[in-house]
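Student: Sequence:
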Amino acid sequence: MKLVVEHVRDITQIRKAEQKRSELKSQLRQARKMESLGTMAGEIAHNFNNILGVIVGFAQLAKDAGQKGEPSMADLEQILLAADRARKTVRQILTFSRKVELEFKPLNLNRTIRTTLGLLQSTMPDNIKLVAKTDSELKPVNGDQVSLEQILLNLAGNAKDAMPKGGTFEITTRNLRLDQNECRLLAGVEPGPFVLLEVSDSGRGMDQDTIKHMFEPFFTTKKRNKGTGLGLSSVYGIIKSHHGAIECASRPGMGTKFKIYIPALKRAKIDTERSLKISNLPRGNETVLVVDHEEEMLVITKRILEKQGYEVITKDSSNEALETYFKLPRIIDLIILNVGIPGLGGHAFLQELRSFDPQAKVLITSGTLPEKKLRSALDQGALGFLGKPFKQLSLLKAVRQILDNPDQPSAFSKASV
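Residue numbers (full-length UniProt numbering): 1 to 417.
There may be inaccurate statements among the hints.
[Stated by the list, open to error] Straight-line alpha carbon distances no greater than 27 Å define the calculated DSS-like cross-link-like pairs of lysine-lysine that follow:
1) K212 / K160
2) K212 / K257
3) K397 / K88
4) K391 / K307
5) K160 / K129
6) K88 / K133
7) K68 / K307
8) K302 / K277
9) K105 / K240
10) K257 / K240
11) K259 / K105
12) K302 / K240
13) K373 / K277
14) K361 / K105
15) K165 / K266
16) K277 / K327
17) K391 / K361
18) K165 / K277
19) K105 / K373
20) K133 / K277
21) K327 / K302
22) K307 / K133
23) K302 / K259
24) K63 / K391
25) K88 / K327
26) K373 / K388
27) K307 / K257
28) K277 / K240
29) K388 / K105
30) K397 / K373
31) K240 / K133
32) K257 / K277
33) K259 / K63
34) K160 / K88
35) K165 / K129
36) K327 / K307
37) K63 / K88
38) K259 / K129
39) K327 / K240
40) K105 / K327
No lab work stands behind these hints, which were simulated from the structure alone.
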(Lines of atoms letter the chains of each structure in order from A and count residues from 1; the text may use other names and numbers.)
(Lines give C-alpha, C1' and ligand atoms only; values in the text may rest on other atoms or scores of the structure.)
Protein backbone atom coordinates (compact mmCIF):
# COMPACT_ATOMS: atom_id res chain seq x y z
CA MET A 1 0.00 0.00 0.00
CA LYS A 2 2.84 2.33 0.90
CA LEU A 3 4.46 1.70 -2.48
CA VAL A 4 1.22 2.65 -4.23
CA VAL A 5 0.97 5.90 -2.28
CA GLU A 6 4.61 6.75 -3.05
CA HIS A 7 4.01 5.96 -6.73
CA VAL A 8 0.94 8.22 -6.88
CA ARG A 9 2.89 10.96 -5.11
CA ASP A 10 5.72 10.66 -7.64
CA ILE A 11 3.27 10.88 -10.55
CA THR A 12 1.64 13.96 -9.00
CA GLN A 13 5.01 15.66 -8.57
CA ILE A 14 5.99 14.82 -12.14
CA ARG A 15 2.74 16.27 -13.46
CA LYS A 16 3.20 19.43 -11.40
CA ALA A 17 6.76 19.78 -12.70
CA GLU A 18 5.58 19.28 -16.28
CA GLN A 19 2.81 21.84 -15.79
CA LYS A 20 5.30 24.31 -14.32
CA ARG A 21 7.69 23.70 -17.22
CA SER A 22 4.86 24.24 -19.71
CA GLU A 23 3.88 27.50 -18.00
CA LEU A 24 7.48 28.74 -18.09
CA LYS A 25 7.76 27.89 -21.79
CA SER A 26 4.51 29.75 -22.46
CA GLN A 27 5.78 32.79 -20.53
CA LEU A 28 9.06 32.68 -22.45
CA ARG A 29 7.24 32.51 -25.79
CA GLN A 30 5.05 35.45 -24.78
CA ALA A 31 8.09 37.46 -23.66
CA ARG A 32 9.84 36.77 -26.97
CA LYS A 33 6.66 37.65 -28.85
CA MET A 34 6.31 41.00 -27.06
CA GLU A 35 10.00 41.74 -27.59
CA SER A 36 9.65 40.92 -31.29
CA LEU A 37 6.52 43.04 -31.63
CA GLY A 38 8.33 45.91 -29.94
CA THR A 39 11.25 45.54 -32.34
CA MET A 40 8.86 45.38 -35.28
CA ALA A 41 7.08 48.53 -34.08
CA GLY A 42 10.45 50.27 -33.92
CA GLU A 43 11.30 49.16 -37.45
CA ILE A 44 7.91 50.35 -38.74
CA ALA A 45 8.34 53.72 -37.02
CA HIS A 46 11.84 54.01 -38.51
CA ASN A 47 10.54 53.28 -42.02
CA PHE A 48 7.68 55.76 -41.71
CA ASN A 49 9.96 58.46 -40.33
CA ASN A 50 12.18 58.02 -43.38
CA ILE A 51 9.17 58.25 -45.70
CA LEU A 52 7.78 61.29 -43.86
CA GLY A 53 11.20 62.92 -44.06
CA VAL A 54 11.14 62.55 -47.85
CA ILE A 55 7.57 63.90 -48.09
CA VAL A 56 8.21 66.90 -45.83
CA GLY A 57 11.52 67.71 -47.52
CA PHE A 58 10.22 67.64 -51.09
CA ALA A 59 6.96 69.38 -50.07
CA GLN A 60 9.00 72.26 -48.68
CA LEU A 61 11.08 72.42 -51.86
CA ALA A 62 7.91 72.39 -53.99
CA LYS A 63 6.37 75.13 -51.83
CA ASP A 64 9.50 77.30 -52.15
CA ALA A 65 9.53 76.78 -55.92
CA GLY A 66 5.83 77.65 -56.15
CA GLN A 67 6.35 80.90 -54.23
CA LYS A 68 8.93 81.85 -56.84
CA GLY A 69 6.49 81.05 -59.63
CA GLU A 70 8.53 78.01 -60.65
CA PRO A 71 6.46 74.92 -59.71
CA SER A 72 8.66 71.81 -59.56
CA MET A 73 6.96 68.73 -61.02
CA ALA A 74 10.01 66.64 -60.08
CA ASP A 75 9.57 67.49 -56.37
CA LEU A 76 5.85 66.66 -56.50
CA GLU A 77 6.62 63.36 -58.20
CA GLN A 78 9.01 62.44 -55.37
CA ILE A 79 6.22 63.14 -52.85
CA LEU A 80 3.87 60.82 -54.73
CA LEU A 81 6.52 58.09 -54.88
CA ALA A 82 7.17 58.37 -51.14
CA ALA A 83 3.44 58.23 -50.40
CA ASP A 84 3.19 55.10 -52.53
CA ARG A 85 5.99 53.52 -50.46
CA ALA A 86 3.99 54.30 -47.32
CA ARG A 87 0.87 52.77 -48.86
CA LYS A 88 2.75 49.57 -49.66
CA THR A 89 4.25 49.45 -46.17
CA VAL A 90 0.78 49.63 -44.64
CA ARG A 91 -0.42 46.96 -47.05
CA GLN A 92 2.40 44.65 -45.96
CA ILE A 93 1.54 45.14 -42.27
CA LEU A 94 -2.15 44.48 -42.91
CA THR A 95 -1.35 41.46 -45.06
CA PHE A 96 0.75 39.94 -42.26
CA SER A 97 -1.97 40.63 -39.67
CA ARG A 98 -4.60 39.19 -42.04
CA LYS A 99 -6.54 42.49 -41.96
CA VAL A 100 -6.71 42.79 -45.72
CA GLU A 101 -7.49 40.32 -48.46
CA LEU A 102 -4.77 39.61 -50.98
CA GLU A 103 -5.49 41.04 -54.41
CA PHE A 104 -4.78 38.24 -56.86
CA LYS A 105 -4.43 38.94 -60.56
CA PRO A 106 -2.35 37.59 -63.47
CA LEU A 107 1.16 39.03 -63.32
CA ASN A 108 4.67 38.39 -64.53
CA LEU A 109 7.21 37.73 -61.76
CA ASN A 110 9.95 39.32 -63.86
CA ARG A 111 8.17 42.68 -63.55
CA THR A 112 7.91 42.19 -59.78
CA ILE A 113 11.63 41.46 -59.63
CA ARG A 114 12.49 44.59 -61.62
CA THR A 115 10.40 46.73 -59.26
CA THR A 116 11.98 45.15 -56.18
CA LEU A 117 15.52 45.49 -57.50
CA GLY A 118 14.85 49.20 -57.94
CA LEU A 119 14.10 49.41 -54.21
CA LEU A 120 17.08 47.24 -53.27
CA GLN A 121 19.55 49.39 -55.22
CA SER A 122 19.18 52.11 -52.58
CA THR A 123 19.18 49.81 -49.53
CA MET A 124 21.88 47.22 -50.22
CA PRO A 125 25.49 48.13 -49.35
CA ASP A 126 27.88 48.77 -52.23
CA ASN A 127 29.82 45.59 -51.38
CA ILE A 128 26.79 43.40 -52.22
CA LYS A 129 26.31 42.65 -55.91
CA LEU A 130 22.73 42.31 -57.16
CA VAL A 131 22.20 39.82 -59.99
CA ALA A 132 18.96 38.98 -61.82
CA LYS A 133 18.71 36.16 -64.38
CA THR A 134 15.12 36.02 -65.59
CA ASP A 135 13.44 33.84 -68.22
CA SER A 136 12.11 36.08 -71.00
CA GLU A 137 9.40 33.47 -71.75
CA LEU A 138 8.26 33.23 -68.13
CA LYS A 139 4.63 32.19 -67.72
CA PRO A 140 2.29 34.42 -65.70
CA VAL A 141 1.11 33.50 -62.19
CA ASN A 142 -2.01 34.40 -60.24
CA GLY A 143 -0.43 36.53 -57.56
CA ASP A 144 -0.63 39.50 -55.24
CA GLN A 145 1.94 42.07 -56.36
CA VAL A 146 2.65 43.63 -52.96
CA SER A 147 2.98 40.26 -51.19
CA LEU A 148 5.39 38.89 -53.78
CA GLU A 149 7.50 42.04 -53.45
CA GLN A 150 7.44 41.47 -49.68
CA ILE A 151 8.87 37.96 -50.16
CA LEU A 152 11.81 39.32 -52.13
CA LEU A 153 12.41 42.20 -49.71
CA ASN A 154 12.37 39.87 -46.69
CA LEU A 155 14.78 37.41 -48.29
CA ALA A 156 17.00 40.28 -49.41
CA GLY A 157 17.05 41.65 -45.85
CA ASN A 158 18.15 38.28 -44.49
CA ALA A 159 20.79 37.97 -47.22
CA LYS A 160 22.12 41.43 -46.37
CA ASP A 161 22.53 40.44 -42.70
CA ALA A 162 24.25 37.19 -43.75
CA MET A 163 26.86 39.07 -45.81
CA PRO A 164 28.36 41.76 -43.53
CA LYS A 165 31.58 41.69 -45.57
CA GLY A 166 29.79 41.73 -48.92
CA GLY A 167 28.88 39.10 -51.47
CA THR A 168 26.31 38.31 -54.16
CA PHE A 169 22.51 38.35 -53.99
CA GLU A 170 20.99 36.58 -56.98
CA ILE A 171 17.42 36.13 -58.23
CA THR A 172 16.54 33.77 -61.09
CA THR A 173 13.27 32.66 -62.70
CA ARG A 174 12.32 29.84 -65.03
CA ASN A 175 9.39 27.68 -66.08
CA LEU A 176 9.14 24.03 -65.04
CA ARG A 177 6.61 21.23 -64.66
CA LEU A 178 6.26 19.21 -61.46
CA ASP A 179 5.11 15.58 -61.55
CA GLN A 180 3.32 13.60 -58.85
CA ASN A 181 6.52 12.37 -57.18
CA GLU A 182 8.04 15.86 -57.01
CA CYS A 183 4.81 17.25 -55.52
CA ARG A 184 4.88 14.63 -52.76
CA LEU A 185 8.26 15.95 -51.65
CA LEU A 186 7.05 19.57 -51.66
CA ALA A 187 3.67 18.91 -49.98
CA GLY A 188 0.61 21.01 -50.62
CA VAL A 189 1.02 21.49 -54.37
CA GLU A 190 -0.62 19.75 -57.31
CA PRO A 191 1.22 18.44 -60.41
CA GLY A 192 1.37 20.84 -63.34
CA PRO A 193 3.19 23.90 -64.71
CA PHE A 194 5.01 26.11 -62.22
CA VAL A 195 7.19 29.19 -62.14
CA LEU A 196 10.37 28.64 -60.13
CA LEU A 197 11.77 31.65 -58.29
CA GLU A 198 15.26 31.06 -56.88
CA VAL A 199 16.77 33.51 -54.42
CA SER A 200 20.34 32.91 -53.24
CA ASP A 201 23.16 34.61 -51.41
CA SER A 202 26.83 33.89 -50.76
CA GLY A 203 26.58 34.60 -47.04
CA ARG A 204 27.41 32.68 -43.90
CA GLY A 205 24.69 30.06 -44.42
CA MET A 206 22.68 28.13 -41.82
CA ASP A 207 22.94 24.85 -39.97
CA GLN A 208 20.24 22.16 -40.14
CA ASP A 209 18.73 23.08 -36.77
CA THR A 210 18.18 26.67 -37.91
CA ILE A 211 16.64 25.48 -41.19
CA LYS A 212 14.30 23.24 -39.24
CA HIS A 213 12.85 26.15 -37.22
CA MET A 214 13.29 29.15 -39.55
CA PHE A 215 9.64 29.35 -40.70
CA GLU A 216 8.29 29.41 -37.13
CA PRO A 217 6.82 32.75 -35.99
CA PHE A 218 9.21 34.79 -33.82
CA PHE A 219 12.15 32.45 -34.44
CA THR A 220 15.25 34.51 -35.16
CA THR A 221 19.02 34.08 -35.07
CA LYS A 222 19.60 37.84 -35.00
CA LYS A 223 20.87 39.70 -31.98
CA ARG A 224 18.51 41.27 -29.47
CA ASN A 225 16.55 44.22 -30.97
CA LYS A 226 17.88 43.41 -34.44
CA GLY A 227 15.06 41.29 -35.82
CA THR A 228 11.44 40.33 -35.22
CA GLY A 229 11.54 36.70 -36.35
CA LEU A 230 8.49 37.45 -38.49
CA GLY A 231 10.16 37.65 -41.91
CA LEU A 232 10.40 34.00 -42.96
CA SER A 233 7.14 33.11 -41.23
CA SER A 234 5.48 35.81 -43.32
CA VAL A 235 7.21 34.53 -46.47
CA TYR A 236 5.95 31.01 -45.80
CA GLY A 237 2.39 32.24 -45.25
CA ILE A 238 2.37 34.28 -48.45
CA ILE A 239 3.65 31.36 -50.53
CA LYS A 240 1.00 29.05 -49.08
CA SER A 241 -1.69 31.62 -49.89
CA HIS A 242 -0.46 31.42 -53.51
CA HIS A 243 -0.83 27.60 -53.39
CA GLY A 244 2.92 27.30 -53.75
CA ALA A 245 5.84 25.72 -51.91
CA ILE A 246 9.30 26.71 -50.68
CA GLU A 247 12.55 24.80 -50.20
CA CYS A 248 15.78 25.90 -48.57
CA ALA A 249 19.31 24.61 -49.14
CA SER A 250 22.08 25.96 -46.93
CA ARG A 251 25.28 25.01 -45.12
CA PRO A 252 27.44 27.02 -42.74
CA GLY A 253 29.91 29.06 -44.78
CA MET A 254 28.32 28.01 -48.10
CA GLY A 255 25.51 30.53 -48.54
CA THR A 256 21.76 29.97 -48.80
CA LYS A 257 19.36 29.25 -51.66
CA PHE A 258 15.56 29.41 -51.49
CA LYS A 259 13.46 27.74 -54.19
CA ILE A 260 9.92 29.07 -54.44
CA TYR A 261 7.37 27.24 -56.59
CA ILE A 262 4.24 29.13 -57.70
CA PRO A 263 1.59 27.57 -59.99
CA ALA A 264 1.74 29.01 -63.50
CA LEU A 265 -1.31 30.14 -65.44
CA LYS A 266 -1.80 28.51 -68.82
CA ARG A 267 -3.38 31.56 -70.40
CA ALA A 268 -3.81 34.98 -68.89
CA LYS A 269 -3.87 38.61 -69.85
CA ILE A 270 -1.28 40.55 -67.88
CA ASP A 271 -2.62 43.77 -66.38
CA THR A 272 -1.45 46.82 -68.32
CA GLU A 273 -3.29 49.37 -66.19
CA ARG A 274 -0.18 51.53 -65.91
CA SER A 275 -0.57 52.59 -69.52
CA LEU A 276 -4.11 53.89 -68.89
CA LYS A 277 -4.32 57.63 -68.23
CA ILE A 278 -7.05 59.78 -66.73
CA SER A 279 -7.35 61.56 -70.07
CA ASN A 280 -8.42 58.23 -71.62
CA LEU A 281 -11.38 57.86 -69.25
CA PRO A 282 -14.79 59.20 -70.33
CA ARG A 283 -15.84 62.35 -68.49
CA GLY A 284 -18.92 62.21 -66.29
CA ASN A 285 -21.94 64.41 -65.69
CA GLU A 286 -23.63 62.30 -63.00
CA THR A 287 -24.26 63.38 -59.41
CA VAL A 288 -22.18 61.66 -56.72
CA LEU A 289 -22.83 61.76 -52.97
CA VAL A 290 -19.57 61.39 -51.01
CA VAL A 291 -19.94 60.32 -47.36
CA ASP A 292 -16.85 60.50 -45.13
CA HIS A 293 -16.12 61.80 -41.64
CA GLU A 294 -12.61 62.86 -42.67
CA GLU A 295 -12.84 66.42 -43.97
CA GLU A 296 -9.63 66.19 -45.98
CA MET A 297 -10.89 63.12 -47.85
CA LEU A 298 -14.15 64.91 -48.66
CA VAL A 299 -12.20 67.83 -50.14
CA ILE A 300 -9.81 65.62 -52.13
CA THR A 301 -12.53 63.31 -53.48
CA LYS A 302 -14.76 66.25 -54.40
CA ARG A 303 -11.96 68.00 -56.32
CA ILE A 304 -10.98 64.84 -58.22
CA LEU A 305 -14.57 64.12 -59.27
CA GLU A 306 -15.47 67.72 -60.14
CA LYS A 307 -12.37 68.01 -62.29
CA GLN A 308 -13.70 65.03 -64.27
CA GLY A 309 -17.12 66.66 -64.77
CA TYR A 310 -19.20 65.13 -61.95
CA GLU A 311 -21.62 67.03 -59.71
CA VAL A 312 -20.61 66.32 -56.11
CA ILE A 313 -22.49 66.51 -52.80
CA THR A 314 -20.45 65.89 -49.63
CA LYS A 315 -21.66 64.82 -46.18
CA ASP A 316 -19.61 64.07 -43.05
CA SER A 317 -22.49 62.26 -41.29
CA SER A 318 -24.15 58.99 -42.29
CA ASN A 319 -27.50 60.22 -40.95
CA GLU A 320 -27.34 63.45 -42.97
CA ALA A 321 -26.28 61.47 -46.04
CA LEU A 322 -29.32 59.18 -45.74
CA GLU A 323 -31.65 62.16 -45.34
CA THR A 324 -30.11 63.75 -48.44
CA TYR A 325 -30.58 60.59 -50.49
CA PHE A 326 -34.18 60.17 -49.28
CA LYS A 327 -34.90 63.70 -50.57
CA LEU A 328 -32.98 63.32 -53.87
CA PRO A 329 -33.12 59.62 -54.85
CA ARG A 330 -33.56 60.29 -58.56
CA ILE A 331 -30.85 62.93 -58.68
CA ILE A 332 -28.01 61.07 -56.93
CA ASP A 333 -26.49 58.47 -59.27
CA LEU A 334 -23.80 57.05 -56.96
CA ILE A 335 -22.84 57.07 -53.29
CA ILE A 336 -19.19 56.81 -52.24
CA LEU A 337 -19.28 55.68 -48.60
CA ASN A 338 -16.51 55.38 -46.02
CA VAL A 339 -17.81 52.19 -44.43
CA GLY A 340 -16.09 53.04 -41.13
CA ILE A 341 -18.00 56.30 -40.66
CA PRO A 342 -19.12 56.94 -37.03
CA GLY A 343 -22.74 57.37 -36.01
CA LEU A 344 -25.13 55.10 -37.86
CA GLY A 345 -22.15 53.24 -39.31
CA GLY A 346 -21.49 51.97 -42.80
CA HIS A 347 -23.25 48.61 -42.54
CA ALA A 348 -26.40 50.04 -40.95
CA PHE A 349 -26.31 52.78 -43.60
CA LEU A 350 -26.33 50.15 -46.34
CA GLN A 351 -29.27 48.33 -44.74
CA GLU A 352 -31.33 51.52 -44.42
CA LEU A 353 -30.44 52.57 -47.95
CA ARG A 354 -31.35 49.20 -49.47
CA SER A 355 -34.69 49.09 -47.69
CA PHE A 356 -35.52 52.48 -49.24
CA ASP A 357 -33.97 51.95 -52.68
CA PRO A 358 -32.72 48.46 -53.64
CA GLN A 359 -31.25 49.88 -56.86
CA ALA A 360 -28.99 52.44 -55.17
CA LYS A 361 -25.38 52.29 -56.39
CA VAL A 362 -22.72 52.33 -53.67
CA LEU A 363 -18.92 52.25 -53.76
CA ILE A 364 -17.43 51.68 -50.30
CA THR A 365 -14.01 52.88 -49.13
CA SER A 366 -11.91 52.20 -46.04
CA GLY A 367 -8.37 52.38 -44.76
CA THR A 368 -8.64 48.92 -43.20
CA LEU A 369 -11.49 46.51 -43.73
CA PRO A 370 -11.22 42.84 -42.70
CA GLU A 371 -12.31 40.37 -45.36
CA LYS A 372 -15.38 39.25 -43.36
CA LYS A 373 -16.72 42.81 -43.10
CA LEU A 374 -15.89 43.48 -46.75
CA ARG A 375 -17.88 40.43 -47.83
CA SER A 376 -20.75 41.53 -45.59
CA ALA A 377 -20.82 44.99 -47.18
CA LEU A 378 -20.78 43.51 -50.69
CA ASP A 379 -23.57 41.11 -49.72
CA GLN A 380 -25.58 44.10 -48.50
CA GLY A 381 -25.47 45.59 -51.97
CA ALA A 382 -22.25 47.59 -52.24
CA LEU A 383 -21.02 47.29 -55.83
CA GLY A 384 -17.32 47.75 -55.17
CA PHE A 385 -14.58 48.51 -52.67
CA LEU A 386 -11.70 50.97 -52.95
CA GLY A 387 -8.98 50.85 -50.30
CA LYS A 388 -7.44 54.04 -48.93
CA PRO A 389 -5.24 55.69 -49.85
CA PHE A 390 -6.41 55.57 -53.46
CA LYS A 391 -5.05 57.25 -56.55
CA GLN A 392 -7.08 59.53 -58.84
CA LEU A 393 -7.11 56.95 -61.61
CA SER A 394 -8.30 54.15 -59.31
CA LEU A 395 -11.17 56.29 -57.99
CA LEU A 396 -12.29 57.47 -61.43
CA LYS A 397 -12.11 53.95 -62.89
CA ALA A 398 -14.17 52.52 -60.02
CA VAL A 399 -16.80 55.27 -60.32
CA ARG A 400 -17.08 54.91 -64.07
CA GLN A 401 -17.27 51.11 -63.91
CA ILE A 402 -20.09 51.08 -61.36
CA LEU A 403 -22.07 53.76 -63.19
CA ASP A 404 -21.70 52.01 -66.55
CA ASN A 405 -21.85 48.34 -65.46
CA PRO A 406 -23.72 48.07 -62.14
CA ASP A 407 -24.72 44.44 -62.79
CA GLN A 408 -21.15 43.22 -63.28
CA PRO A 409 -18.92 42.24 -60.31
CA SER A 410 -16.65 45.19 -59.66
CA ALA A 411 -12.93 44.76 -60.30
CA PHE A 412 -12.48 46.97 -57.23
CA SER A 413 -14.20 44.59 -54.83
CA LYS A 414 -10.86 43.81 -53.17
CA ALA A 415 -8.63 46.00 -51.10
CA SER A 416 -6.34 48.20 -53.13
CA VAL A 417 -4.36 49.36 -50.15
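Student: Taking the hints in turn, state whether each one holds.
Tutor: Structure-based check of each hint:
1. K212 / K160: Distance ~21 Å between K212 and K160 Cα, so the pair holds.
2. K212 / K257: Distance of about 15 Å is within 27 Å: holds.
3. K397 / K88: Holds, because 20 Å separates the two Cα atoms, which is no more than 27 Å.
4. K391 / K307: Holds, at roughly 14 Å.
5. K160 / K129: Holds - the C-alpha atoms of K129 and K160 are around 10 Å apart, at most 27 Å.
6. K88 / K133: 26 Å, holds
7. K68 / K307: 26 Å, holds
8. K302 / K277: Given pair K302, K277 holds - Cα atoms ~19 Å apart, limit 27 Å.
9. K105 / K240: 16 Å, holds
10. K257 / K240: Distance of about 19 Å is within 27 Å: holds.
11. K259 / K105: 22 Å, holds
12. K302 / K240: It is violated: about 41 Å lies between the C-alpha atoms, which goes past 27 Å.
13. K373 / K277: 32 Å, violated
14. K361 / K105: 25 Å, holds
15. K165 / K266: 43 Å, violated
16. K277 / K327: Outside the cut-off at roughly 36 Å; violated.
17. K391 / K361: 21 Å, holds
18. K165 / K277: Given that 27 Å is the threshold and the Cα spacing comes to 45 Å, the pair is violated.
19. K105 / K373: It holds: about 22 Å lies between the C-alpha atoms, which stays within 27 Å.
20. K133 / K277: Violated, at roughly 32 Å.
21. K327 / K302: Roughly 21 Å between the alpha carbons, so the hint for K327 and K302 holds.
22. K307 / K133: Cα-Cα ~45 Å, so violated.
23. K302 / K259: With Cα atoms ~48 Å apart, K302 and K259 exceed 27 Å; violated.
24. K63 / K391: The hint holds at about 22 Å.
25. K88 / K327: Answer violated: K88 to K327 is near 40 Å, above 27 Å.
26. K373 / K388: 16 Å, holds
27. K307 / K257: 51 Å, violated
28. K277 / K240: 35 Å, violated
29. K388 / K105: 19 Å, holds
30. K397 / K373: 23 Å, holds
31. K240 / K133: OK: K240 and K133 at ~24 Å, within 27 Å.
32. K257 / K277: 41 Å, violated
33. K259 / K63: 48 Å, violated
34. K160 / K88: Holds: K160 and K88 sit about 21 Å apart, inside 27 Å.
35. K165 / K129: 12 Å, holds
36. K327 / K307: Cα-Cα ~26 Å, so holds.
37. K63 / K88: With Cα atoms ~26 Å apart, K63 and K88 stay inside 27 Å; holds.
38. K259 / K129: Between K259 and K129 the Cα gap is close to 20 Å, so the pair holds against 27 Å.
39. K327 / K240: Roughly 50 Å separates the two Cα atoms, so the pair is violated.
40. K105 / K327: Cα-Cα ~41 Å, so violated.
In this structure, the earlier hints numbered 12, 13, 15, 16, 18, 20, 22, 23, 25, 27, 28, 32, 33, 39, 40 are contradicted, and the remaining ones agree with it.
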